Amino acid sequence: MIEINIAKEFGIETGARTYADGPKSGEEFFDKLLKPRYEQAKAEGKQLRVILDGTEGLASSFLNESFGRLGKAFGAEDLRNRLVLISNEMPKYIVKIQEAIDESDTR
Amino acid sequence: MKKLKRQQKLHLLNRAKEEAKKNKRRGKQRIPIPVNSVYVNTRRSNQKKVKRQFRAAPPVAFNLQFENCVGVIDYVNSIKEAASKRWEIVIDLSKVEVILEGAIAMLLSVLHEISLRRIPIGGNVPFNSDARLTLEKSGFLDHVSVRGVSPQHQKVNFMRSGKKGDTKSFLSDQIKRAMRTVWGEEGRCQTLRNVIYEMIRNSCDHAFDPKNVNDVRWHLSISFDDDRKLVKFSLVDNGEGIPNTLVKSYLTTVKNLFKGDADMLESAFFGEQKSRTKLPWRGKGLPSIYESYSEGKIKNLLVISNGVFLHFDRGIKENLNTAYKGTYYYWEIDSTCTKELFID
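Keeping their order, the protein sequence lines are chains A and B. Residue 29 in the numbering used here sits at position 29 of the first sequence, and the numbers go up by one each step. For any residue, its number in the numbering used here is found by taking its place in the second sequence, counting from 1, and adding 1000.
These are calculated hints, taken from the structure and not from any lab test. Source: prediction; values computed, not measured. Incorrect hints may have been included.
As the list claims (entries may be wrong) - With a straight-line cut-off of 25 Å between C-alpha atoms, the simulated DSS-like cross-links for lysine-lysine are:
no., chain 1, residue 1, chain 2, residue 2
1, A, K96, B, K1339
2, A, K8, A, K46
3, B, K1022, B, K1009
4, A, K96, B, K1299
5, B, K1299, B, K1317
6, B, K1299, A, K92
7, B, K1176, A, K8
8, A, K96, B, K1297
9, A, K92, B, K1339
10, B, K1009, B, K1137
11, A, K92, B, K1022
12, A, K46, A, K32
13, B, K1325, B, K1297
14, A, K92, B, K1176
15, B, K1164, A, K32
Just chain A, with the same shape it has in the complex:
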């Protein structure tokens, strides 16, 4: 299994939606970490585990932008089988991400 720990690998202080909103945005997270690791997981036929705990906060705009883009790029069905989300501190993040993925898949 391939893993991303947002707090350790991207930062405990994450930003908002796009690069224009400032550093550590959801768009930046998607480009630099989420998309490459997902592609790697897909190529190797593995699951991608994303750990959401330990940050100062993950704004809705951050989660929706990064995972919404992921859903648009790879499709909700593919993500459902491959993506494992861990959020013990804020379980509602998982619900938000699942909604963003479902809404993003317009294919």
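Using the hints provided, position chain B relative to the given structure of chain A.
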């Protein structure tokens, strides 16, 4: 540089001597100015461009409760109008009897904008001791020159202004301080941080004309009350305002045409308005703020935007007779809120 002739040098020397004599005479005739009288510091301003002085009495009850907010908004609007004409601004608060942090934050946000344009600002403080104490704690005296008045109480509030794209790393420390005030120990509160992030991003994304995005400014004010274990937050922007942006948006629906601004703003918090970007995963910022409120993580959520007043605790949703150009948020956290505290 052209060399001066002897005659020209003498003329300049004599003129300087005359000027020095005049200044000396003025100094001798100076009359002491009473404490707390209005004083406008014009030293840093470009005096040639200043035409007239704005001086109007603010409401005696200077707060943003529904009953008093129209008077405060009208007062703030008149300051903005005077500043647009480059008048000197005098904030005469001497007769104010009740003043609350939210209204101070709104006033300071406007004064901050004005000071960036190097327009002189002066004023005084309320004679009422409670009102004066609240004002001093807010840091008002950092922004307004008040002759002969030095703060008797330490500033306990935090205020920060910023624009789109600025780092908000200062928030972590302020949130820890808020947690210490309310719960007695420091820690992370992800919901609180997310609320502030969404408000700031919403101000930048939706409350301003995209053409002027670099002029976007927001003002965050946090007031810590250790005795009451209460933290008050205000976030103000001086942009377009949410209802105006919803109306201008090309995603304005037929349904919206039949809604008043108050209904439209409320429905945006309930997640019934789509993002103008047409990206399906967007448009969740205001609903996530409301979600934090409905979960009890924050309380007393109040929003004023354009001509709309929304106070969720009191169930007030009204179109006002006056309009505030921009958006104002106010909310609180105290020990009656749902506790969310992550200690590392």
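Now for the hints, and whether the structure bears them out:
1. Of the supplied pair hints, the one linking K96 (chain A) and K1339 (chain B) holds, its CA atoms being roughly 21 Å apart against a limit of 25 Å.
2. With a C-alpha separation of about 21 Å, the suggested pair K8 (chain A) and K46 (chain A) falls inside the 25 Å cut-off, and the hint holds.
3. As the CA atoms of K1022 (chain B) and K1009 (chain B) are separated by approximately 20 Å, the hinted pair is consistent with the 25 Å bound.
4. Taken as a hint, the K96 (chain A) and K1299 (chain B) pair is honoured in the structure, with Cα atoms around 22 Å apart against an allowance of 25 Å.
5. Between K1299 (chain B) and K1317 (chain B) the CA atoms are separated by roughly 16 Å; this keeps the pair inside 25 Å, and the hint holds.
6. Distance check on the hinted pair: K1299 (chain B) and K92 (chain A) sit about 20 Å apart at the alpha-carbon level, within 25 Å; holds.
7. The suggested pairing of K1176 (chain B) with K8 (chain A) holds, with an alpha-carbon distance near 20 Å, which does not exceed 25 Å.
8. For a cut-off of 25 Å, the pair hint linking K96 (chain A) to K1297 (chain B) stands: about 17 Å separates their Cα positions.
9. Taking the CA atoms of K92 (chain A) and K1339 (chain B), the gap is near 16 Å; set against the 25 Å cutoff, the hint holds.
10. Of the supplied pair hints, the one linking K1009 (chain B) and K1137 (chain B) is violated, its CA atoms being roughly 54 Å apart against a limit of 25 Å.
11. Distance hint between K92 (chain A) and K1022 (chain B) is unfulfilled; the C-alpha atoms sit about 73 Å from each other, more than 25 Å.
12. Between the alpha carbons of K46 (chain A) and K32 (chain A) the distance comes to roughly 19 Å, so the proposed pair stays at or under 25 Å and holds.
13. Simply put, K1325 (chain B) and K1297 (chain B) have alpha-carbon atoms about 28 Å apart, too far for the 25 Å limit, and the pair is violated.
14. For the hint linking K92 (chain A) to K1176 (chain B), the alpha-carbon distance of about 22 Å falls within 25 Å, and the restraint holds.
15. Distance restraint check for K1164 (chain B) and K32 (chain A): the Cα-Cα separation of roughly 22 Å lies within the 25 Å cut-off, and the hinted pair is therefore satisfied.
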